[in-house]
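All chains should be modelled from the sequences, with the hints used to inform the complete structure.
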Amino acid sequence: MLPGTEGPWARFRAEFAESRLAMAGLVLLLAILVVGILAPVISPQNPYDLAQLDVMDSKLAPGEASAEGRTYWLGTDDQGRDMLSGILYGLRISLGVGIASTVFALAIGLVLGMMAAYFGGWVDTLIMRVVDIQLSFPAILIALVLLAVLGQGVDKIIFALVTVQWAYYARTVRSSALVERQKEYVEAARVLALGQARIVFRHLLPNCLPPLIVVATVQVAHAIALEATLSFLGLGLPITEPSLGLLISNGFQYLLSGKYWISFYPGVALLLTIMAINLVADQLRDILNPRLRK
Amino acid sequence: MSAPPLLQVDGLRMHFFTKAGVVKAVDDVSFRVERGEILGLVGESGSGKSMTGYSILGLVDPPGRIVEGRIVFDGTDLTRLDAAAWRRIRGNRIAMIFQDPMMTLNPVLRIDTQIVEAVLAHADVSRESALARAREALVKVGIASPDERLLAYPHQFSGGMRQRVAIAIALVNGPDLIIADEPTTALDVTIQGQILFEMQKVCRESGTALVWITHDLSVIAGIADEVCVMYAGRFVESGTVADILDRPLHPYSRGLIDSVPSRNERGRPLRQIPGMTPSLLSLGEGCPFRERCTSATPHCAESPAVTEPSPGRRLRCFHPLQ
Amino acid sequence: MSATGPAPAPLLELRGISKRFTSRLDLAARIAARLGAGARPQTVHALDGVDLAIGAGEVVGLVGESGCGKSTLGRIVARILEPSEGERRWMGRPYADYESQGSRSERLAVQMVFQDPFASLNPRMRIVDVIGEAPVVHGLVAPRERETYVAQVMERVGLDASLARRFPHQFSGGQRSRIGIARALAVKPRFLVCDEAVAALDVSIQAQVLNLFIRLREEFGLTYLFISHDLGVVRHLSDRVVIMYLGRIVESASTEEVFARCNHPYTQALLAEIPRLEATKRAYIPIKGEIPSPLDPPGGCHFHPRCPHSTARCRSEAPRLREISPGHLSACHLNDAP
Chain A
14 MLPGTEGPWA RFRAEFAESR LAMAGLVLLL AILVVGILAP VISPQNPYDL AQLDVMDSKL
74 APGEASAEGR TYWLGTDDQG RDMLSGILYG LRISLGVGIA STVFALAIGL VLGMMAAYFG
134 GWVDTLIMRV VDIQLSFPAI LIALVLLAVL GQGVDKIIFA LVTVQWAYYA RTVRSSALVE
194 RQKEYVEAAR VLALGQARIV FRHLLPNCLP PLIVVATVQV AHAIALEATL SFLGLGLPIT
254 EPSLGLLISN GFQYLLSGKY WISFYPGVAL LLTIMAINLV ADQLRDILNP RLRK
Chain B
3 MSAPPLLQVD GLRMHFFTKA GVVKAVDDVS FRVERGEILG LVGESGSGKS MTGYSILGLV
63 DPPGRIVEGR IVFDGTDLTR LDAAAWRRIR GNRIAMIFQD PMMTLNPVLR IDTQIVEAVL
123 AHADVSRESA LARAREALVK VGIASPDERL LAYPHQFSGG MRQRVAIAIA LVNGPDLIIA
183 DEPTTALDVT IQGQILFEMQ KVCRESGTAL VWITHDLSVI AGIADEVCVM YAGRFVESGT
243 VADILDRPLH PYSRGLIDSV PSRNERGRPL RQIPGMTPSL LSLGEGCPFR ERCTSATPHC
303 AESPAVTEPS PGRRLRCFHP LQ
Chain C
0 MSATGPAPAP LLELRGISKR FTSRLDLAAR IAARLGAGAR PQTVHALDGV DLAIGAGEVV
60 GLVGESGCGK STLGRIVARI LEPSEGERRW MGRPYADYES QGSRSERLAV QMVFQDPFAS
120 LNPRMRIVDV IGEAPVVHGL VAPRERETYV AQVMERVGLD ASLARRFPHQ FSGGQRSRIG
180 IARALAVKPR FLVCDEAVAA LDVSIQAQVL NLFIRLREEF GLTYLFISHD LGVVRHLSDR
240 VVIMYLGRIV ESASTEEVFA RCNHPYTQAL LAEIPRLEAT KRAYIPIKGE IPSPLDPPGG
300 CHFHPRCPHS TARCRSEAPR LREISPGHLS ACHLNDAP
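Chains as they are written, first to last, in the working numbering: chain A, 14 to 307; chain B, 3 to 324; chain C, 0 to 337.
Honestly, I wouldn't trust all of these hints.
Covered stretches of chain C (in silico footprint by chain B; criterion: 3 or more residues with CB under 8 Å from a CB of chain B, positions within the stretch not fixed) [what the hints assert, rightly or not]:
1. 10-19
2. 224-233
Selected chain A positions facing chain C (in silico; Cβ < 8 Å) [to be verified]:
3. Arg194
4. Lys196
5. Leu205
6. Gln209
Please keep in mind that the hints were generated in silico from the structure rather than gathered at the bench. For each residue, glycine too, the CB sits at the ideal point set by N, CA and C.
Laid out in structure tokens, this is it:
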């Protein structure tokens, strides 16, 4: 029996842990996720509950206390909303939108990409031409047009993000599946007269996942950034459900007049989130890279 | 013979220091190659034969490292060389041929560019002169219409042709020693025959020594003068081809020869060596073959020393066959 | 051929099998071709009019070098590929008869053992699933008896059944070979196509696996189509040897006949080239030339550019496979000497 007799999952965990930076990124990411999920519970204030706001507290600097003695750790914005709470809620929305859109885009891209690879012929040509057309437009442009037509709302922005992203997954899965399809274990499955559906889902799919996971992880970051951009431009999410992008947008006008914190801290939060995701994605990519195994 | 050997490997140990432990890829291997001699280095996967070849040329990267031993080539200890000295030796005095010719050939460069590059790296000659030598080299390895071939790219060649080009590159600077790591394993039998023919002819004519690394005993039988058998990173037996094939002393060599189909009666079960090659991670002291050896005794738990039962014959076994 | 009555019908029969792989031009290339760019679809002539009959219990060794089409033929027998022309028969009836009726046992009767122990096992499936999936899917074994059944099959091929829950990368090359064999055996086949099944193995492991093939043949009454480039292995295992060159069968005879009295010039060259395990130094007298590409095979007899005896007739007319002595077939014009 060869050494290294643990299963692939245990080995994967061990390899991931080799990079301190990636582990740090993972820890940070998990912290952000937890914080985002628990936002309503842990934030000092619900910044969108108008009853809780006191406009007299607006534009307080970080650490400053209000007239009643409440300390706003990261200051307040121009409406008197607590920045810290705003960021926590914003993280929640940003992450939620980012992850949801990625998951849906992945599902759609996965199915279409595998169909294209497995069936070939006109199915392949059709799907791939759609993918090509989709990918030749700048993502922002498509999203802007869609949102202009659809209006504001969390579901609409998710829809726009999915539309813009599924093509990456389809293309990645297709090239992966094309390679795997030629391999002998797929031929073996055919000699064993296993049905087509079983071959595609039980044999091909699990082996096409690694590159897909890498793409998906990075795409979550892209989705979040894209959503932030759209919100910054005023499209997508309404005022009542601001993501980090919208928060940054709110504070933009004050950036050079001394009240930097209204944009700055949401910006930092956004930066940390995307960086954490990228660190994890980098390590994933390195591990999941096909290597010669001896 | 009074002349010192061209290459003398003494007690070579090369280990890989991995997270999972120390892999003793080459563990106390010694042999020598005379000028113009053809040595067959024989072993199965995990025997360390390829790693020995790489060690000779200093091609071992971390986490691998030569931990002990000397490799003396024409008076110079190769384990002590710096980068500049290596550049003068590699491709010039010692050349290597790999199993996959695409390890030698750059897919985006033309053949003439690549061979000329090899020449100009070691000789201060004009480009025309280098090109002429390239052409000569292709002819020497049996490539017809060399002028056409020089203008082509590697992907336009078959596997056998590419390997011939790789051999031409190895030969073009007239090295004293060529190390060939399984060069014909991936090729068809008729092409293998051609290449063996070319290599034999060239080496005999130019007096180039050759270390031919392979797992295929029958290839060795046809081309080599001396044979060195390796198992699990260790040296096991060496001698002339006739000695090893007709009178093997080590049980492993014997088992290897016996398991070849042509040495067995048709249709009957082949004589086989039971068990599997041990993992190089968990090898301790003692003979690595003892788990699978029919002659093993408790004494084999100690590492046997190398003995010389007759001149030119070396062996590492407490219970040689008779 | 029996002298006492009609020969029993062969178990597997191939008639006139041809296979061409054509690379289609995509839309852009087709437009370019219309405009005169001269791009043409390339056709690989992998197989050209192959006839082969294999009787029950026989071991037929199929030998040839790259481009001869032996792997393609194996895949056509195993139903991975469809022939461009020609007929395949199993127990006297065309393959198509077995597709529609859902007669699973017959569809599973021909199984394949692959060359690459790495690539032929799904790296993400445990061995118990690799071996046990098909029997359960096809109803040969009840789901709750799967593990016991897999354990039995593993023992039969010499694997330790306690390792069933491990993944392929945790096994050595020889063990993976055995897993591939177990996977094929698990569906109770009658016919195994072994496509270079031992080529990737070390000599000592190869001996073990070859012995396994011999043992299984006796134990289960299997029939083999053993595809290999290694004549030594083929000689040891086969009753009959079929030699292919560039898509055609050039010679077919019992193993003894082929090695003692081979007829076709290519076979002669092949046998002369095999490195032998003898200490006498050989002068290799190689056969000249490279194997032509199956994209553009030479006209007439495919072997004529490299044949030391070729004539004008060989360049223009393809020789037919003819019986030159009982049971010995060869495709060479030189046999027609008056």
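Comparing the hints with the structure gives:
1. 10-19: It is violated, with 0 qualifying residues against the three required.
2. 224-233: holds (count 4)
3. Arg194: violated (12 Å)
4. Lys196: Holds. Min distance 5 Å.
5. Leu205: Interface hint status for Leu205 (chain A): holds (4 Å vs cutoff 8 Å).
6. Gln209: violated (13 Å)
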